[in-house]
Each structure stands twice: as structure tokens, then as C-alpha cells.
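S.K.: If you read the sequences in order, they're chains A and B. Here the first sequence stands for residues 17 to 433, where the numbers follow my numbering. Here the second sequence stands for residues 17 to 433, where the numbers follow my numbering.
Errors might be hidden in some of the hints.
Heads up, the list lumps identical chains together, so a pair's fine if it works in one copy or across two of them.
[Claimed, not checked] Here are the simulated lysine-lysine pairs, BS3-like style, with alpha carbons at most 27 Å apart:
#1 111 to 23
#2 378 to 112
#3 23 to 112
#4 378 to 151
#5 395 to 293
Note that these hints are calculated values from the structure, not bench results.
Each chain, letter by letter, is given below.
2 protein chains.
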Amino acid sequence: MTHDVAKISPFAPTELADLPVIEGVRFAACEAGIRYKNRDDLMVAVVDPGTTVAGVLTQSKTCSAPVLWCRQSLEGGKARILVVNSGNANAFTGKKGREAVEATAEFAMKATGCGRDEVYLASTGVIGEPLEAGKFRHLLDGLVTSAKADAWPRAARAIMTTDTYPKLATRKARIGNVEVSINGFCKGAGMIAPDMATMLCFLFTDAAVSAQALQQIMSSGAATSFNCMTIDGDTSTSDTCLIFATGAAAKRGQKPVDEVGDPALAEFTAAVHDLLKELAIMVAKDGEGLSKFVTLVIEGAESDAAARRIGLSVANSPLVKTAIAGEDPNWGRVVMAVGKSGEAADRDNLSIWFGSRAVAEKGERAASYDEPTIAAYMKSREIDIRVDVGVGGPGRATIWTCDLTQDYFAINADYRS
Amino acid sequence: MTHDVAKISPFAPTELADLPVIEGVRFAACEAGIRYKNRDDLMVAVVDPGTTVAGVLTQSKTCSAPVLWCRQSLEGGKARILVVNSGNANAFTGKKGREAVEATAEFAMKATGCGRDEVYLASTGVIGEPLEAGKFRHLLDGLVTSAKADAWPRAARAIMTTDTYPKLATRKARIGNVEVSINGFCKGAGMIAPDMATMLCFLFTDAAVSAQALQQIMSSGAATSFNCMTIDGDTSTSDTCLIFATGAAAKRGQKPVDEVGDPALAEFTAAVHDLLKELAIMVAKDGEGLSKFVTLVIEGAESDAAARRIGLSVANSPLVKTAIAGEDPNWGRVVMAVGKSGEAADRDNLSIWFGSRAVAEKGERAASYDEPTIAAYMKSREIDIRVDVGVGGPGRATIWTCDLTQDYFAINADYRS
């Protein structure tokens, strides 16, 4: 699973975001030898009693055993510990998979003295190989006792698979007059598509917010962040995105918020959504083998949902993606991908811009089209494509994706060996 | 548009099918200089008065001007001439596109002395570039007068774009006691997905069958042939599949059949469907850059339609396709792609076979799984994958596809230059 071809993404940040300590959250990671050598592959996050939790999980019909576990735990809305391993997804592992989840949860409960439904589990890596929980269950006690409040980068690195850089971000927001922090990190680089991206994402905040209110914030936030991002159109069996709120800000005077949609949560909601968007873009910018990052804006569609479906049809088109990789301004393929989406579009009223320049207007090549100018633009590292689908509707969506290069093949043609 | 990398498909036939003359059908082709050099790029088929016609066309919302033309002509059910050019799809060319279609049709009508709705047009090639009908309209007269009954291979070659071989097939069938012939040829190698494949396909028969009855035969036939075949999941703006029936067999005593579903058409229907399937497989076997041909059988789904959607989800998955290219028996990705289809599947009752060998049974790795044996199988040129999705339904579908290799990129990264 090491890839000679796996170059660092050209979009890797030169330095990692500096995440503040969040009261009530501690991390530890270690090398459990699940699959990788010489790197951490087991991570725990320990959160203080009283922490609320919400999340969104893969829609896959063949989801992994840990996803089923989380779905059940989320019903209680409380958390004490999150255990994540990389290298093995514990997906499609049948009875053995359920046993591995049970065994891991059992030891996590003992290590923290918490209840079953306060344990959250996630696994990422190869599908279909049994996960030996025995490889790490003896490590959980030590991880829990040694967990530290400032171990964000180490935690973010431990959950990586084909990622070429760790993905961390942070925001501040006020609830009432009290400032709270929200930190997050995620992983994902391939098998990335909406519902959700192939992706693990964990957010932590010291805000005092009920699980119900958090859930609404996460569901709406995922819709315009991770669910508007795609790398290869493939959907993981293991996608998990959770937010943990320790409530420690209540000690500093934050009035706990229980109600879904309470106006006091406006700034906090915006901050969480913004953080999710930053993390989603970080994932698209680490797409396997990418050379270019692409932002696609769809306008004039019948509805936002229609615009999103059109955008994903374009973003997932192998022909659009290979043309971008080849720096070929082949806008005809964009038209093709709009057409195949099934959503209303008026061929004779459709317009397309590459960067700030129109390439197609009212259904044909723009009068101002100048091939050398557009060709020069295609050499940019970040490509913006805007499409007005021409039916005069209010629908709009922004989709983030990357190009599809020969390196994607090199990485994926023999992932398991 | 010439590709140094475009190797001949390993599945190219060593010799072309030998198609018999069909009374009432003649072909001619020539070099019109539309885009290619030193090869035919304009083809006409002239059919005798009284010929009936039916067809299926792309479902794209941004379909080409010639597709709109054919849709209208098909309402009449009669044909005298088909004009096809390669090199330019005349798609997304706005008013100029409609003018090119009108001009071409005008000259085709004059050359044959037929009505507007007896003219059929198809164009394939680059999208978004205006097609200069002036380049070939003066050639139509000569093509019509020089058309020959045995020019099948030349006609099939003239409509090719990135195809690496011409695709021809033939069948015989009896209607009553009279034997009729059905010949067909098609093109397509990329931008290939159901509804329809990126594809032009033309069938010709001497049978005397009404347009209504032909339409039913074509619609049902496309559903289990071209609409069960995919190369890259992209849908063309120009897909056109037409069948022309000259009725010449009536002179040999075939009683003309008018009624949709007349039992006298059973053998003929089966022969047309079989011919469509052979042509669809030829297209999949010429997928851009392919190294392997893949037959996917989905069983145990809720319905045939569900099985087809699951099969296409697997066949279009970049991760499944790259694993096959890499000869990696990564059946976990098959599970992923089943799961993302949205159709009912029981993770814990799902089974997968590669060739004759089980790789997964009842939701986990098969007890008999032997990596070296399966790895050796993956080196085959033709790969069969069977999936029982485990919900015990009667739904079944067969899907044909190919792997996705680095050559697909090389071919598509700079198609226009």
C-alpha cells in the first residue's frame, strides 16, 4: 500500500493550521501494526463526560460494521471516546467484522468507564480483510491515560490512508457573548463522492449545544460541503463525519443551547459550515494523482438540487476530467455532461465560462472565443468553470473536484499489494 | 485527433464479418475533408421507396441538431436516405448547427427526389465546432448515383472516430417461410454509456415490417444490448441507432407484418436483438485504451431494472475498472460499487465470483479463497464477474464493459488537438 508514484499533492499546505486546545478533548495515537509500518495507525479521542455528539454517515447499502455501530450510538447523542484505525476498513468482513467492533468497543468502555452508546468507532483502509482487534485492544488503556490536549497533528496523521498531507482547520464563533472554538480534521483522497465522500471527519468544540441542534447543523453543513465535493464518483462504505461538543464553554458563561435552530447558534452554525467547507476543499485538493483543483459553479438551474446534480455529473465525467488534466479547453464535454445529468437544460441558451472568459454563449461557441487565451488559462493550477444551464431558474451550486490523471491509475491499479 | 497511443484493440477481429447484399440498400462513402485526412468521412445509405424505419436516440438534454432532425423524421416512419459524417458531431453549434442540418437535408432530398421526413442524418466527432455543410453538400449527388449494394465495410469505416476497427455483423431469420437478412454496423469507443452508448448504429433488412413493429423491436433490443454496455459512463449528445426495412422480401413471398408483437416476428425479433448484442459487445471490446473485456452478471436483485443499475454502478466505477486493469482481484471495490448504487443489497448475504471461483460468500471472504489462483485468473484477457446481491429477488442483468487504463487518459487528455 505504499505507492512509489504517490507524490505529494501540489496543493499541500506549506504549514499546518495551528489548532488551539479545546477544553474537554484529548488525543493519543500509536503504531498498532494493523497494516502500515513505521507510522501511527490507531487514534483515540477522549472527551469529558457530558459531551454531546451528532454526525452524518455513508448512505452505502453495504456500509461497514463501524458505521452501523456509530449509527446506533448516535441515537443516544452522548460521547466519551472515539477510536479510529487506519489500514483496514473492517468493511464486508461479516461476523468477524461485528466481533472486531464489539471487542474494540468493550475495551474502549473499560478504558474510559463509559457506556456502550458513548463509544464511537471508525475504520479506514482495505475492504474485505478481517480486522484483528487483538492487534490493538491492549493498547487502548495506555492511549486513554496518555491522551493530550494538543495532539491534533498527530491525531490527524494517524487516520490518513492515501492522503498526502494531514487536513486540519479551526474556527472561532460567539454563542451569546462567549467565544467558542471549533477544531476539525479529516482524511480522504480517493473513493470520494457525495453521500458522503470517502472520508472520515471529526469536529470538536467546547460549545454547550444539544445533540439535536448539533445534528441539524451537521446535516445542513454536509449538504453544502462534503456532499458537493467529488474525486472519482465512488462512495465509500465507511464515511463518517462526527462533531463532539464538550460543553466546557458553559463554565465561561455560555448559556447551553438545546433548541434546533435557536438564533443564538447563527454564528456558530456559520463557523461550523465554513470549517466543513474548508476541510472538504482540502480533501478535493488531495485527490489521488491530481494535478489541478477545479471549482465548478452551476447557475440558472431549476433548483439548487438540480444544480448540484448537474455539477456532479460534470465533476464526475471522466472525459471532462481527463481534458482538464490535458489542459485542453474541451468545453463540448462540459455540454455533454450537463446533458447526461437528466436535469433541465436549454441547449440553445446555455453558456459556459472558463475562468472569467466566456467559451460558449447561447448554445454555441462564444463570439469572443480565443483559443490561445483559453489554452493559456488551462495551464493554471486552479481551474474555475461556470455554467449557466439556460432555463432561467434560481438553482445554484458550487462543486469542488480535481482532474483525473495517469497517476490516479498508477495509485489505484494495485492498491492492495 | 490522431493518437500515437491509439493501439489496435486486442479484441479486434482477425477478419470482418461477410455481409450479404440486402435488396433495396446501397452505400457510398468518400473523403470530404471535414476533419480527418486520407480517409472517408462522409457516408450515404440509399434505400428504396417503401422502406420503413424505426430507431432509438440519445436521451441527452443537450442532444445534437442531427438527433433532433431524426426524432422528427421518425414520426413518419419512412426513409430514402441516411447521410452520416464523422469528424464533427454538429452538436452545441446553435443556429449554425440547424442551418448545416437543413442544408444537408436539402441536398439529400434533391439527390434522391424524396421528402423531408425521409431523410436521416447523423454526425459524430468533436462537439461545439460549427460543421461546414458546404464541405460535402456538393458530394451528395455523386454518392447517391455511385452507391453500391456491397459497400458495407467501406460504409462502416467511414463513420469511425476513435474506433480501432470497423464493427459489422449479420443475421438471418425467417418470417413465415421466407428467409430475410439483417445486417448492421456501428461505431463507438469512448463517451460510451447507456441511454444510449456514444454510438451510431445502423441496421438494414429486406424484411417487410411496419415502422411501429420495428420500433418495438428496437426499443426492447436496445434495453438489453447498448443500454447494458458502458465504457466510461459518459453519454453522447449524438447517439443514434436506426433500423431500415426495405420490404424487398415481400417480392419473395414474405407476408408484410404490420402489427406490433405479431407472433410471425418472433424469430426476426430474436435475430435483431442478437445482432444488437453482438454489436454492443464489439463496442465494449473497442473501449478506448482497454486491455480487458469484462462481463458482469448481477443476480438476486429485486428486479431486472435494479440489477441493471447495480451492474452499471460496478461497471462505471473508476476504482473497479482500474483494479481490473492492474490485474488486482480487489473484490472489496465491487462491494463498494454495489453499495453506492442505491438499490437493495444485503451486505451479509452477498456473494461474488471471479470466473468460476467464489471470492466472497455470505458477506465475507470465501473460505475457499486462494489469492494466487484468483490473481492468476485476473491475468485473463476476458474477465467474468458474477454478483449475487443477496436479497433473494428474481432480478438479473448482464453488463458488458472494459477496464480503464492509462491509455484512456493518453487518448482523452488532448482529443481535440
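S.K.: Which hints, by number, does the structure contradict?
M.R.: 1 and 3
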